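Kindly produce the complete structure, drawing on both the sequences and the hints.
In the order they appear, the protein sequences are chains A and B.
Read left to right, the first sequence gives residues 120 to 576 (our numbering).
Read left to right, the second sequence gives residues 120 to 576 (our numbering).
Be a bit skeptical, because a hint or two may be false.
[Said to hold, decoys possible] Derived CB-CB ranges, DEER-like:
hint : chain 1 : residue 1 : chain 2 : residue 2 : range
1    : B       : 493       : A       : 236       : 40 to 46 Å
2    : B       : 378       : A       : 363       : 31 to 37 Å
3    : A       : 134       : B       : 274       : 35 to 41 Å
4    : B       : 430       : A       : 200       : 50 to 56 Å
5    : B       : 150       : A       : 256       : 44 to 50 Å
Hint data in this document are derived by calculation from the structure and do not stem from the laboratory.
This one's a predicted model, so the numbers in the text were calculated from it and none came from an experiment.
Every residue gets a Cβ at the ideal spot worked out from N, C-alpha and C, and that includes glycine.
There are 2 protein chains.
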Amino acid sequence: MSEEKENIQFELSDELIEQVEILVAQQNDKELQKLLNEFHYADIAEILDELDLEAAMYVIKLLDSEMTSDIIMELDEDNREKVLKNLSAKEIAEEIEELDTDDAADIIAELPEERQQEVISHIEDEDHKAEIKELLAYDEDTAGGLMAKELVKVYETWTVAGCLRRIRGQAKDVTRVHSIYVVDKQNKLIGRLSLKDLIVAKSDQKIADIYISNVDSVNVHDEAEDVARVMQKYDLEAIPVVDNNQKLLGRITIDDIVDVMKEEAEKDYQLAAGITSDVEADDSIWELTKARLPWLLIGMFGGIGAATIITNFQTVMKDYAILLCFVPLIQATAGNVGVQSSAIVVQGLANDTIKGEILKRLFKEFVLGLVNGVAIAFVAIIISHFFFKTEYLVSLTIGAALITVIIIAALIGTFIPIFLDKRGVDPAVATGPFITTSNDIFGILLYFLIAKLILGF
Amino acid sequence: MSEEKENIQFELSDELIEQVEILVAQQNDKELQKLLNEFHYADIAEILDELDLEAAMYVIKLLDSEMTSDIIMELDEDNREKVLKNLSAKEIAEEIEELDTDDAADIIAELPEERQQEVISHIEDEDHKAEIKELLAYDEDTAGGLMAKELVKVYETWTVAGCLRRIRGQAKDVTRVHSIYVVDKQNKLIGRLSLKDLIVAKSDQKIADIYISNVDSVNVHDEAEDVARVMQKYDLEAIPVVDNNQKLLGRITIDDIVDVMKEEAEKDYQLAAGITSDVEADDSIWELTKARLPWLLIGMFGGIGAATIITNFQTVMKDYAILLCFVPLIQATAGNVGVQSSAIVVQGLANDTIKGEILKRLFKEFVLGLVNGVAIAFVAIIISHFFFKTEYLVSLTIGAALITVIIIAALIGTFIPIFLDKRGVDPAVATGPFITTSNDIFGILLYFLIAKLILGF
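The structure is reproduced here in structure tokens:
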């Protein structure tokens with residue numbers, strides 16, 4: 120690779136961490152600053168995540184607050200909590216002065232309640248303070264919780280030249296100008312403009328003549344997930360947020376939406392795998408145990424339930440002990456089908472592609488279960504008959520049980536997430552161990568009932 | 120809700136679809152255009168996805184190509200394929216003239232190879248044609264496959280005023296100006312500017328004096344997933360793409376990255392649930408069966424494997440038939456632990472948070488498995504002893520088996536994804552039925568071996 124190529128892929132190496140640790144230990148501030156100034160704040164956050172708290176605090180106190188405020192935003196949540204505990208309310212307020220209102224409100228919201236007021240009282244910029252207080256009032260999972268107050272807005276009565284002059288002032292506070300929002304005298308959002316439109320227009324034109332009146336917006340109380348869906352569908356990079364009277368309150372940018380999407384996807388994935396959300400591979404054993412053990416206990420009680428069922432049938436079916444050998448087959452199939460069905464429904468609900476009646480959907484799953492069930496049962500009957508030399512009626516039992524179990528598992532896997540969603544509960548909790556465990560029990564019960572029916576023990 | 124509030128949430132209703140169908144049947148072009156012109160192209164695509172092909176083609180031929188090119192991009196892939204089949208090479212070329220180079224190349228890449236050349240030959244704009252041909256040469260999963268050629272670039276020697284004048288021309292071709300890229304005489308990327316910087320600057324300043332030399336870029340051969348990670352980490356909305364000599368080739372925008380992230384997350388989720396990727400809730404039963412049945416077959420062979428193991432132990436353990444009742448418990452636990460471990464590793468690999476040696480990670484999983492195993496075994500022993508009145512040695516067998524199985528399942532669930540990743544295989548295939556099935560078999564085998572050891576049958 121050529122020397123000249125700038126390598127964007129920052130690689131966190133043990134050597135680099137050690138180098139930082141040594142410089143901290145030596146209190147070699149000059150070298151430390153020289154070293155760290157080379158890196159992006161997101162990279163420095165990665166380094167600090169690996170240091171012990173004392174060393175991390177040393178670095179944070181060394182660098183200036185313009186840099187550290189961004190670094191603190193990028194830290195792992197656990198580490199951020201520790202760092203904030205080690206800063207005085209005044210120091211936190213200083214960091215917050217450097218942040219955009221949305222990030223500032225997020226940081227304050229993470230603090231214990233008694234500290235929140237203290238930190239807010241130390242913010243010197245009164246406008247910033249008022250805006251942050253406004254944002255703190257919104258639920259974090261709504262558009263209001265995501266939006267920032269920083270935006271560029273112009274009045275329809277302005278001229279292009281006047282507009283360019285005035286937005287120079289506004290734009291300084293805004294990291295990136297996505298869109299310029301056009302409002303009327305009542306601060307109602309009536310349209311948008313891009314900087315490009317403004318540059319391409321003649322300087323004596325009125326904004327009223329050049330703005331685009333077709334502007335997407337979300338209501339401040341809309342759910343974050345819905346905002347994400349809208350921005351993604353319409354390929355938007357920013358969206359203005361309005362109140363019920365269409366008054367412009369703030370704007371949401373795509374980078375925050377990317378974070379929402381990622382969190383949402385990770386949460387669903389973890390729930391499907393039976394992990395309480397928000398753990399990572401490098402969390403402590405205690406945290407990982409807290410996230411995993413409860414789900415294993417659910418599965419364990421499912422296993423105990425299955426054992427209870429089997430003991431109840433055991434004595435009566437002594438003559439057909441071979442049936443017990445196929446319990447794992449029934450159980451695995453029920454679990455797999457349930458997870459498939461629930462995953463498709465959860466994803467369909469998330470993407471808003473599940474339309475129509477619940478009965479129509481259950482009927483589709485019924486047909487699908489029947490098709491898959493017949494195919495699986497056919498193969499299983501052949502194998503049990505020729506390979507395990509089971510009697511005809513036993514093979515029939517296994518086949519009939521597989522078909523029934525697959526259909527029932529598919530219906531349960533479909534119904535529960537839709538039901539939860541209608542009740543306002545996140546349907547993703549129904550995936551994973553929850554669905555496999557209930558399907559294990561249902562599957563095994565059905566298996567023995569069908570066996571009793573066919574074999575008549 | 121007030122009348123005034125613009126509702127961004129487009130709701131696809133049966134009435135609307137029916138209305139469109141009736142207007143198509145009546146060939147009422149005027150009303151149809153009036154109706155559809157109200158909607159965003161992404162919404163029209165949703166409507167067309169619900170129509171039959173003939174009606175969809177009618178609408179596409181009715182609307183003008185500036186609109187239809189965007190609609191076609193937004194259609195479901197299956198429907199797009201059908202629509203493109205029904206258009207002549209010349210008609211496709213006309214649609215493509217309206218699209219940005221990245222979308223244009225994506226559409227052409229979806230066509231059968233013999234049609235690709237034909238369509239390209241019909242593109243009239245020679246620059247557009249050359250750029251599309253260049254993009255087609257890149258692998259679709261690389262930065263080159265994602266980038267568009269449309270961008271705004273300026274030379275460091277220009278003045279701000281000259282720059283503003285000249286980029287007016289370039290900007291017309293670019294839907295959104297994220298950044299202005301600064302190049303030297305050799306077209307090497309040396310920095311960036313935002314439109315904001317340009318507007319805030321004095322008009323006689325030189326670009327060389329105001330540009331930001333610290334510019335992130337990706338290599339044209341970098342993997343799409345890595346580009347997504349970088350853009351997300353550094354909160355970028357666009358990133359320039361360069362070749363090995365740092366020459367500016369194109370740029371990637373965040374909306375394409377959002378799509379990459381979403382596809383990636385959905386694929387991982389579906390693999391974990393045992394569904395071949397790329398199916399949706401509203402796909403046909405045949406497509407859903409194709410996506411689901413193979414995984415059920417894997418699970419079925421696992422069940423057959425378990426049955427084989429049990430039959431081999433069945434006769435020798437007649438005295439301890441109670442052990443068979445706990446097979447579902449062992450199996451469910453092994454499966455759940457395996458899925459948990461593999462999910463954490465897969466997510467850690469995706470987020471690049473898995474660092475350090477594989478042995479260190481396996482050791483951590485070992486400790487974690489031991490902690491969880493002892494907890495689960497403790498509860499299970501209590502329950503089996505007091506509730507099922509099992510003998511001491513049988514309870515001990517169940518407990519010892521649970522601990523062993525949890526540890527082994529955790530190790531397998533951790534090792535396989537890391538191994539696959541090192542081999543360049545997507546580790547997500549190791550999640551779901553694959554890991555549960557192998558853990559089912561290992562778990563049951565271990566259970567009986569431990570029983571044999573303790574109970575000595």
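We went through each hint and held it up to the structure:
For the pair residue 493 of chain B and residue 236 of chain A, the supplied restraint of 40 to 46 Å holds, since their beta-carbon distance comes to about 45 Å. Range check, residue 378 of chain B to residue 363 of chain A: Cβ separation about 32 Å, and the 31 to 37 Å hint holds. Distance hint check: the CB atoms of residue 134 of chain A and residue 274 of chain B are about 39 Å apart, consistent with the given range 35 to 41 Å. In this structure, residue 430 of chain B and residue 200 of chain A meet the distance hint of 50 to 56 Å, their C-beta atoms being roughly 55 Å apart.
For the pair residue 150 of chain B and residue 256 of chain A, the beta carbons lie near 46 Å from each other, so the given range of 44 to 50 Å is met.
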